[in-house]
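A.B. asks: Line by line, the protein sequences give chains B and F. With the first letter of the first sequence counted as 1, position 258 gets the number 258 in my numbering; the numbers rise by one all the way through. Heads up, my numbering is the position in the second sequence plus 1000, with the first residue counted as 1.
In short, the hints are calculated from the structure, not lab data. Cβ atoms here follow ideal geometry from the backbone N, Cα and C, with glycine treated the same way.
The calculated PhoX-like cross-link candidates involving lysine-lysine, where the alpha carbons are at most 25 angstroms apart (straight line), are:
no., chain 1, residue 1, chain 2, residue 2
1, B, LYS43, B, LYS141
2, F, LYS1154, B, LYS540
3, B, LYS153, B, LYS327
4, B, LYS139, F, LYS1550
Stretch-level coverage of chain B by chain F, calculated; a stretch enters the list once three of its residues show a Cβ under 8 angstroms from a Cβ in chain F:
no., stretch
5, 63-70
6, 545-554
Residue strings, one per chain:
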Amino acid sequence: MFICLFVAACAIPLAALHSAPRPDVLLDTMQRELHRAIGSLEKSDPATYYLSYSVADATSVTIAGTAGSLIVSSEGHRRQADVIMRVGSAALDNTHSQNRPSGIVSGSLPLSDDSDSIARVLWQLTDREYEQASSTFLKVKTNQAVQSAEEDKSPDFSLEAPQTHAGESRPQPSLDRKTWEDRIRRLSAGFLKYPNVYSSTVYLRFSTDRSYLATSEGTALVQPAAISRLVIEGETRADDGMELMRVETFQAASPDQLPSEADLHGKVEKIAADLKALRAAPVAEPYAGPALLSGRAAAVFFHEVLGHRLEGHRQRGDTEGQTFTKKVNQLVLPPFLSVTDDPTLKELGGIKLAGTYDFDDEGVPAAKVNAVENGVLKNFLMSRAPITDFSHSNGHGRRQPGLMPVGRQGNLIVTSTNTVKDSELKQKFVDEIKKQGKPYGLYFEDIQGGFTLTARASPQAFQVIPVMVWRVYPDGRPDELVRGVDIVGTPLLSLNNIILTGDTEQVFNGVCGAESGQVPVAAAAPAMLFSEIEVQKRAKGTQRPPLLPPPGFDEIATSDNANKPVAR
Amino acid sequence: MSKYSRRWKSPLILLLCAATLAHGKIALGQQPPDKSAKPAKQSNDSSPDVLLQAMQQELDRSKAKLKMDNVPAPYYIEYRLSDIDEYEAEAAFGALRQEQRFHGRSVRVVVRVGDYKQDSYYGPGVGSAAFAPLDNDATALRWQLWLATDEAYKAASQALAQKKAALSQFTADQPFDDFAKATALQSIEPVAKLDFDPKPWKETLEKSTALFRSDPKMESLTAALRFRAVNQYFVNTEGSVTRSGYTVYFVNAAASTQAADGMRLERSPYYGAANLKELPAPEEFQADVAKVIETLRGLRDAPVVDEDYRGPVLFGPDAASDLFFEMVGENVLGNRPKPGESARTTGDYSSNYKGRVLPNFLSVTDDPTMKTFDGKSLIGSYDVDDEGVRAEAVPVIEDGSLVSYLLGREPIRDFPESNGHGRAAPGQPPTPSIGNLIVHSKQSSSPEELKKKLIELCKQDNKPFGYYVETLAGTNPRLLYRVYQDGHQELVRGAAFDELDTRTLRNDLVAVGNDPLVSNRQGAIPSTVISPSILLDELEVKRSDQQNSKLPEYPPPALSSGR
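With the sequences and hints as input, model every part of the structure.
C.D. replies: Structural data, given as structure tokens:
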């Protein structure tokens, strides 16, 4: 009995020790070293007025396979530290205008919680950053004195309330590497029976992350994150040299939430079948006329065409095109459409959204932004870089480690009040084709992605890369797959050609790249009927398909591998 | 959903590259080595090599069937598969901040159209590379080879047309072939494997960099290691089949501090060997790092070289091996200049064939077949080069006179054949490279005698002191001492050499030591230089024009007690 008590007595403090939040050595060291640094640098000449330390403590696994074998299998743990510094004042600092990169220096921190060593590296990085920031600030001041006044006289940095939050330390998901290596071998072997899928890759990246942020304003955040991303890609070439590609992407927090292996095998078969159909499909002709975009296609379209132009920092600076800068409170979309960006929304229609977060990368709480209400532009996606009439962040300052944050999209959601049931939309489309007297319309089933140019020096154009596009005939003939289509056009015009939408929102989860790096995003929209969309022929490669059939296919005579070389 | 224009092709390969970059390397993490690949099993038995077999099968198929209309069939095809197994770790200020195990494979395919006299090896025609499967899977490997061969053949046909167009501007006929003939070689060496326990090494890195605690002014102190096993598998249509491998083990330290005037002072010693047991023992490495800190402290207080000096300078063997690597090693390579250029090579020795390039008491040989020197392993050793040609010992400089160049299978004027020096970093095209570059002398003196000679020369010249260089950074001094007439030495800082070039070695080198040092060099292609001390009777030493940096804006963090 005595022994029992002893054990029990011992067990209590032990249990208490385990359940109590462990003191976070990394965060403590960051805060201590930060206060020491700012205490000194705020008295330097020129003075530092803002300093932040952020650390991305990330563990990741990357596995890729092709033709039944692995080509990459790797695992890494890294703590990347970013020191962000602003010298001068919020009104004018070293990051002004094109000098944003002068605000940041990065390096690797020790992987163990060795406080002395961590502090020493932070000191080293901070000293290097002060050298860069202070000399840039002097240049900025000189330029201000000699250049004409800027149009937007907003300060360089907005004042925001400090935040403290330690994200729940629930156990992070894990990945059984061996299981996934074998699964990827099997999935990639699925393409081996298709001689005309020339190259293919199955790729998995799984990362768990704890991100730490401490700022001289008092913000202290610890946020866990986990992401699993599986990509299946197949490539072929048409006989005329056009490169054709299908990609399927799946994203979830934990690898267990990814589709089952059977479903993934189905996707491999689907990609192979799509590529076979695309090889045989006729090349699309230049066309302007009615078009129907699936919800996923419309979501990508809005992300590129509208979303990027709502990013706050693009409304400022002489090099930006500023499509929407002076259109606040004006109609920019048909009145039945509204657009929000809501990083606080976790899922939509049962699908987890990739662009969800609690605090942005400047430590500002994420907020839903009603960017366009009933067609009228109301707001921008703001980081802590103010613009005229929008002096505060709305929690959209995002970045990948190593880069300075700017206003970025999270979950862009398009809603409509002018809807018909999805099942009726096709008929409305056919009606529109008939009404315009066109021989056919184009149905965009899937879009790969796209890009948009917002710089002033380049045309204010966008391009999305549709991969599965069908000609829809008004006379009841079956739909016909075409290849080599590019949508072209200018943003304002295209957006106002939307006449009707479906009633279900579809989600596109992806990764968006811009000047602040790669960030996970989602876009959601209903299917949309456009009165007119313009398409052009895609520039194509001239390299013909491989001369020989793949290894092992020499003796099998199929029409697909008899790629007769063309005389040249 | 990318905001910027991307090339349509293969975003996944971009992704993989990005992943590689993001973590420095594609790493195997804490996994045991070679989980998926099993080259070890083939090492010492005579069972056929799955990789070589698959390569041979695809090579035979390509040779038999690859042909485009109106383009000649290839006259030569080669496949080279490189397998890298690598372990890297780095510590800073007493704590590990990077550790990776990486296993990767790539294939490189060269297809040549034309003939030995004139072919397509030019511009896009130098070959194509691809990821290779990590599993020993014949189907997956052949699939990658198939695509790379197709790409290489198409590129070769374009390259030959481009080359002919470029050459049509010149009237002179090229007096040598584009591609040297070589005998077919079959040589299967055992597979090279890494053999080490990471734990004691991680401790060594951490303990040695924890020594920053002994000096508050040490601004940076890191130590890193890189252990690497590379195996190259090679087949060509001439019938060569080779497998060759090597291991290299490197460990280094890097430290920096600033003098009171802001001058940045750095040291970065490294150690390399083909066997792990030749690297310094943990205590030895720590003692060396302690010594680095000590010399940096010395450098901080050392006087700056303010006055220009022209006079005798003695290079210790470490510094001398750097000089021979830079000034002789680079220039004895038979790199062919661009088409139409009349020079023999691209180096400083292009017009020195049969001329004097060193004093006549010195000779230089490159001998990859030598395995050890003075009991030390030479990492520049190999038996078969990366073009499937057997390595040869090549005397390049005899009695001061340049008698040969180091060559791969790309001939240059007067040198129609390879001498087994076509070497390649994994995944890269081969180029002429040194293996073990060895400096021989007919006459030599002990280091003490050399120091005496230095002082004698000073006396003759009426100089109060001469200079002794212990180590270099590039071709400028890092550890430099004044040697006074009474023999005492004084460390100095902030110096640079002026006009130190190949002519200096030819005209001003007056004596060498009997203290040859094996210097195993870091680099994508392992090489070794063996050189003794050298005495130059005249060299200019002046103040470096590098600007001083600002001192740290605020002091480093205080150390926690209890260490």
